Structures are given as C-alpha cells and as structure tokens.
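With the hints as constraints, model all of the structure from the sequences given.
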Amino acid sequence: MIQVTKKDKNESIESLIRRFNRKVQQSGLILRAKSVQTFEKEISKRERRRKAIVRASRKRTTRLPLKPQR
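Take the sequence shown: its position 25, counted from the start at 1, is 25 in the numbering used here, and no numbers get skipped.
Some hints here could point you the wrong way.
[Said to hold, decoys possible] Here are the simulated SDA-like pairs of lysine to any residue, each with C-alpha atoms no more than 25 Å apart in a straight line:
id: 1; residue 1: Lys-51; residue 2: Thr-38
id: 2; residue 1: Lys-23; residue 2: Ser-44
id: 3; residue 1: Lys-59; residue 2: Glu-47
id: 4; residue 1: Lys-45; residue 2: Pro-65
id: 5; residue 1: Lys-45; residue 2: Arg-18
id: 6; residue 1: Lys-51; residue 2: Gln-37
[Claimed, not checked] Label-pair distances were calculated between CB atoms; the ranges are:
id: 7; residue 1: Asp-8; residue 2: Glu-40; range: 43 to 51 Å
id: 8; residue 1: Val-36; residue 2: Val-4; range: 21 to 29 Å
id: 9; residue 1: Lys-6; residue 2: Lys-45; range: 38 to 46 Å
id: 10; residue 1: Arg-18; residue 2: Pro-68; range: 43 to 51 Å
id: 11; residue 1: Ile-13; residue 2: Arg-46; range: 25 to 33 Å
id: 12; residue 1: Ser-12; residue 2: Ile-53; range: 40 to 48 Å
id: 13; residue 1: Ile-13; residue 2: Ser-44; range: 37 to 45 Å
id: 14; residue 1: Ala-56; residue 2: Val-4; range: 28 to 36 Å
id: 15; residue 1: Thr-38; residue 2: Arg-63; range: 27 to 35 Å
It is worth saying that the hints were derived from the structure and are not from the lab.
Since the model is a prediction, treat every value here as computed from it, not as a measurement.
Where is the CB? At the ideal position from N, CA and C, for every residue including glycine.
Now the structure itself:
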C-alpha cells in the first residue's frame, strides 16, 4: 500500500491528495488491477505484446536522426 504523509503542518489536503495520486499512477497499481479484472486469452496477450514491440521500434526509428546522403 502506498503511504503519503504531510511534509509539514501547512501542507494542504489537495496537495497531499495530488502527491498520493501521482505515486499511485507511477507505481502502476491501477493498470495492474484493471488488467486482472477480466480474463484475457493467451493469444490476445501475445498479440498485444507484439503490437507494443512494433510501436516501440517505430518510435525508436523516428527518434533517430537521419544521416544526410552524400
């Protein structure tokens, strides 16, 4: 469980909640809970992973600067 304490006595509740929400998002707790909620076939998992790899490789290739042809 994620625990957040007040930094000082003057910290507002809103900023405390904001810090808590940020930590929950960064930990991936909500995504993990949503993925476990429903059953996913093994074929679907493989397909999703394959698509993620393709997206990542496309993203990597677009970031690389193109070398000018001489």
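Against the structure, the hints:
As the CA atoms of Lys-51 and Thr-38 are separated by approximately 20 Å, the hinted pair is consistent with the 25 Å bound. Distance hint between Lys-23 and Ser-44 is unfulfilled; the C-alpha atoms sit about 29 Å from each other, more than 25 Å. The hinted pair formed by Lys-59 and Glu-47 meets the criterion: a straight-line CA distance of about 18 Å does not exceed 25 Å. Taking the CA atoms of Lys-45 and Pro-65, the gap is near 33 Å; set against the 25 Å cutoff, the hint is violated.
Among the hinted pairs, Lys-45 with Arg-18 is inconsistent with the structure: their alpha-carbon atoms are about 33 Å apart, more than 25 Å. Using a Cα cut-off of 25 Å, the hinted pair Lys-51 and Gln-37 holds, with the two alpha carbons roughly 22 Å apart. Separated by about 45 Å at the C-beta atoms, Asp-8 and Glu-40 satisfy the suggested range of 43 to 51 Å. For the pair Val-36 and Val-4, the beta carbons lie near 24 Å from each other, so the given range of 21 to 29 Å is met.
For the pair Lys-6 and Lys-45, the supplied restraint of 38 to 46 Å holds, since their beta-carbon distance comes to about 41 Å. In this structure the hint that Arg-18 and Pro-68 lie 43 to 51 Å apart at CB holds, the actual value being about 46 Å. At about 45 Å, the CB distance of Ile-13 to Arg-46 disagrees with the hint of 25 to 33 Å. Evaluation of the 40 to 48 Å hint for Ser-12 and Ile-53 yields a pass: the beta carbon distance comes to about 43 Å.
For Ile-13 and Ser-44, the hinted distance range of 37 to 45 Å is satisfied, since their beta carbons lie about 41 Å from each other. Between Ala-56 and Val-4, the C-beta spacing of about 32 Å keeps the proposed range 28 to 36 Å intact. Distance hint check: the CB atoms of Thr-38 and Arg-63 are about 34 Å apart, consistent with the given range 27 to 35 Å.
Hints 2, 4, 5, 11 from the earlier list are contradicted by this structure; the remaining hints agree with it.
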